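2 protein chains.
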Amino acid sequence: MTTNSLGKLFLIPIPIVEGNLDTIPVAVKEKSISLKYYFVENVRTARRYLKQIDKSINIDLITFSEVNQRNPADTPLLQEWLKQGFEVGIMSESGCPGVADPGSVLVATAQEMGALVEPMVGPSSILLALMGSGFSGQNFRFGGYLPIKNPDRTKAIKQMEDWSLQRNETQIFIETPYRNHQLIQDLIQNCSGKTKLCIAANITADNALIKTMTLTEWKAQINHIDIQKTPCIFLIYRTI
Amino acid sequence: MTTNSLGKLFLIPIPIVEGNLDTIPVAVKEKSISLKYYFVENVRTARRYLKQIDKSINIDLITFSEVNQRNPADTPLLQEWLKQGFEVGIMSESGCPGVADPGSVLVATAQEMGALVEPMVGPSSILLALMGSGFSGQNFRFGGYLPIKNPDRTKAIKQMEDWSLQRNETQIFIETPYRNHQLIQDLIQNCSGKTKLCIAANITADNALIKTMTLTEWKAQINHIDIQKTPCIFLIYRTI
Chain D
1 MTTNSLGKLF LIPIPIVEGN LDTIPVAVKE KSISLKYYFV ENVRTARRYL
51 KQIDKSINID LITFSEVNQR NPADTPLLQE WLKQGFEVGI MSESGCPGVA
101 DPGSVLVATA QEMGALVEPM VGPSSILLAL MGSGFSGQNF RFGGYLPIKN
151 PDRTKAIKQM EDWSLQRNET QIFIETPYRN HQLIQDLIQN CSGKTKLCIA
201 ANITADNALI KTMTLTEWKA QINHIDIQKT PCIFLIYRTI
Chain U
1 MTTNSLGKLF LIPIPIVEGN LDTIPVAVKE KSISLKYYFV ENVRTARRYL
51 KQIDKSINID LITFSEVNQR NPADTPLLQE WLKQGFEVGI MSESGCPGVA
101 DPGSVLVATA QEMGALVEPM VGPSSILLAL MGSGFSGQNF RFGGYLPIKN
151 PDRTKAIKQM EDWSLQRNET QIFIETPYRN HQLIQDLIQN CSGKTKLCIA
201 ANITADNALI KTMTLTEWKA QINHIDIQKT PCIFLIYRTI
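Those protein sequences? They're chains D and U, same order as listed.
So the first sequence is numbered by the numbering used here: it starts at 1 and just counts up by one.
So the second sequence is numbered by the numbering used here: it starts at 1 and just counts up by one.
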C-alpha cells in the first residue's frame with residue numbers, strides 16, 4: 001500500500017487557556033472543524049472547543065476515540081481509519097498534541113504505516129516559555145517532571161545546573177502546581193545564587209507572567225511569590 | 001522604576017515559509033502591524049512581511065534595528081525604548097524569535113530591566129518536527145548543529161544515540177542543508193540499524209514531509225532520498 005491511498009493524520013493544537021481562540025491560526029480552526037474522526041485526550045473538552053469555533057457544527061457527525069491515562073490509544077482503530085483513507089485528527093487537553101501527552105503513540109503508528117502526518121501550528125507553553133525566558137534557545141532540554149523524593153530530586157536539580165553550565169544548555173521542566181513553592185525553595189537550596197531561574201506562569205492567559213531572575217533575587221522576593229496551584233513552566237540557566 | 005512604567009517586549013513569530021500567512025494567528029498579525037519599534041534579524045524580510053499582512057501600512061513610521069551575525073544587538077537602544085514606555089517587537093528571519101537566533105540577548109536585557117515580555121504564538125520547525133515524529137515529547141533535547149569534523153562529529157552522534165536510549169530522550173538537531181545527505185550516511189554508519197530517524201523537511205510548506213523510519217529502512221531507500229539543500233530538522237530515538 002502506498003502513502004497516497006492512506007488517509008492523513010493531523011495534529012490539531014487547541015488553546016492552552018480555555019476559550020482563548022486568539023492563539024490559534026484561522027487555517028487550523030478551519031481544519032479542526034472539518035475533520036470527522038478524532039483521537040482526543042478528553043471528549044468533553046474536544047466537543048466544547050469545536051463548538052466554540054463553530055456554533056453550528058453537528059458534533060454527532062464526528063467520531064471520537066479517547067486517549068488518556070485510563071484509555072490506552074486504540075491503534076487498530078487509527079490503522080482502520082487511515083486504511084479507509086480518512087483524515088484523522090489528534091487533539092490533546094491543552095496546547096499542542098504529541099508533546100508531553102499520550103498522543104505520540106498514535107503518531108508513531110501512522111508513521112509505521114507510511115501515512116502522512118501534518119502537525120499544525122498552535123500554542124506550546126514549553127516553547128513560549130523558552131522564547132520569553134531570555135535564555136539560550138541554541139541548546140535546550142525539556143525533562144518533564146522532577147522526581148518528587150530525595151535524594152533523586154536534589155540530584156536531578158544539581159544535574160540540571162551542571163548541564164546548563166557545561167553545555168550552555170537551557171534546562172526546562174515542570175512541577176505539579178501545588179508543589180511550585182516547594183520547588184523554588186529546593187532550587188534556592190541546591191543551586192548557586194547566580195543561577196538564573198525563569199518562571200513562566202499562566203502562559204497565554206491575561207495574567208501571564210514570565211519572569212527571569214537570579215536565585216539570589218528570587219530568594220529576596222520569596223514572600224511575594226504567589227504561584228501555588230498556578231500552571232508554570234520552569235527554566236534554569238547557569239551563568240559563570 | 002517599576003514594571004508598570006516600562007514598555008513591553010513582544011516576541012513576534014513570522015511564517016517559516018515566506019508568504020504562508022496561514023500559520024500565524026490573526027491576533028499576532030494585528031499586534032505585528034501595530035508596533036512602531038522593532039529589532040529584526042533582517043530589515044528587508046521584516047518590511048516585506050509587514051506589507052504582506054497590511055498593504056496599506058506606512059513602513060516609514062516604523063523604526064528598525066538589525067540584529068544578526070554582522071550587527072550585535074543594540075541593547076542600550078532597547079533599554080531606551082523600554083524606559084520611554086514603548087511597545088517593542090522582535091522578529092527573526094523565520095519562525096519564532098528567541099529560539100536558535102540572536103534575539104535571546106534582547107529578551108535577557110528586558111528581563112534584567114524588569115520589563116514585561118510577551119512571546120506570541122507562531123510556527124516553530126523544532127516543535128512541529130517533534131510533534132510529527134511520533135517520538136517521545138515527554139523528554140527531548142535540542143542540540144543545534146552537529147560538529148562538522150571528526151572525531152567530534154562521530155562522538156556527538158553516538159552520544160545522542162546513548163542519551164536517547166538511557167534517558168528515553170528524543171534528540172533533535174540540525175545540519176547545514178548542503179550536508180544533509182552526508183549526515184544521513186554518518187548516522188547509518190555510526191548508529192544501530194534499529195535506531196529511528198525522523199527527517200522533517202520543508203516544514204509548513206506545501207511539499208512538507210515528516211518521515212520516521214529505522215536507520216535500516218532509511219539505508220534501503222538511500223538512493224531515493226532527495227533532501228540535499230532542503231531545510232530539515234533531524235530527530236533520533238533509540239528503541240531497544
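Treat the hints with caution; some may be incorrect.
Unchecked claim - Here are the computed lysine-lysine pairs in the DSBU-like style, where the Cα-Cα straight-line distance is at most 30 Å:
1. U:LYS51 to D:LYS31
2. D:LYS8 to U:LYS219
3. D:LYS55 to U:LYS194
4. D:LYS158 to U:LYS155
5. U:LYS155 to D:LYS155
6. D:LYS155 to U:LYS158
7. D:LYS229 to U:LYS8
8. U:LYS158 to U:LYS229
9. D:LYS31 to U:LYS55
10. U:LYS55 to U:LYS8
11. U:LYS229 to D:LYS158
12. U:LYS8 to D:LYS219
13. D:LYS8 to U:LYS31
14. U:LYS219 to U:LYS158
15. D:LYS219 to D:LYS155
16. U:LYS194 to U:LYS219
17. D:LYS31 to U:LYS31
18. D:LYS51 to D:LYS36
19. U:LYS194 to U:LYS229
20. D:LYS31 to D:LYS83
21. U:LYS8 to D:LYS83
22. D:LYS55 to D:LYS36
I should point out that these hints are in silico values taken from the structure, not numbers from a laboratory.
Given the structure is predicted, the values throughout are model-derived calculations rather than measurements.
Hints and how they fare:
For the proposed pair U:LYS51 and D:LYS31, the alpha carbon gap of about 26 Å is at most 30 Å, so the pair holds. About 25 Å separates the Cα atoms of D:LYS8 and U:LYS219, which keeps this hinted pair within 30 Å; it holds. With a C-alpha separation of about 47 Å, the suggested pair D:LYS55 and U:LYS194 falls outside the 30 Å cut-off, and the hint is violated. Restraint check for D:LYS158 and U:LYS155: the C-alpha separation of about 25 Å stays at or below 30 Å, so the hint holds.
Between U:LYS155 and D:LYS155, the direct Cα distance comes to roughly 26 Å. Compliance with the 30 Å bound is thereby established for this hinted pair. For the hint linking D:LYS155 to U:LYS158, the alpha-carbon distance of about 25 Å falls within 30 Å, and the restraint holds. Distance restraint check for D:LYS229 and U:LYS8: the Cα-Cα separation of roughly 26 Å lies within the 30 Å cut-off, and the hinted pair is therefore satisfied. At roughly 24 Å between alpha-carbon atoms, U:LYS158 and U:LYS229 fall within 30 Å of each other, so this suggested pair holds.
Taking the CA atoms of D:LYS31 and U:LYS55, the gap is near 27 Å; set against the 30 Å cutoff, the hint holds. Of the pairs offered as hints, the one joining U:LYS55 and U:LYS8 holds, with about 26 Å between alpha carbons and a cut-off of 30 Å not exceeded. Annotation: proposed proximity of U:LYS229 to D:LYS158 is violated, straight-line Cα distance about 41 Å (limit 30 Å). Taken as a hint, the U:LYS8 and D:LYS219 pair is honoured in the structure, with Cα atoms around 25 Å apart against an allowance of 30 Å.
Restraint check: the Cα-Cα separation between D:LYS8 and U:LYS31 comes to about 33 Å, which exceeds 30 Å; the hinted pair is violated. Annotation: proposed proximity of U:LYS219 to U:LYS158 holds, straight-line Cα distance about 18 Å (limit 30 Å). Between the alpha carbons of D:LYS219 and D:LYS155 the distance comes to roughly 21 Å, so the proposed pair stays at or under 30 Å and holds. For the given pair, U:LYS194 sits about 11 Å from U:LYS219 by alpha-carbon distance, which is consistent with the 30 Å threshold.
For a cut-off of 30 Å, the pair hint linking D:LYS31 to U:LYS31 stands: about 24 Å separates their Cα positions. With a C-alpha separation of about 14 Å, the suggested pair D:LYS51 and D:LYS36 falls inside the 30 Å cut-off, and the hint holds. For the hint linking U:LYS194 to U:LYS229, the alpha-carbon distance of about 27 Å falls within 30 Å, and the restraint holds. Restraint check for D:LYS31 and D:LYS83: the C-alpha separation of about 20 Å stays at or below 30 Å, so the hint holds.
The suggested pairing of U:LYS8 with D:LYS83 is violated, with an alpha-carbon distance near 50 Å, which exceeds 30 Å. A hinted pair counts as satisfied when its Cα atoms are at most 30 Å apart, and D:LYS55 with D:LYS36 qualifies at roughly 16 Å.
In summary, the numbered hints that this structure violates are 3, 11, 13, 21.
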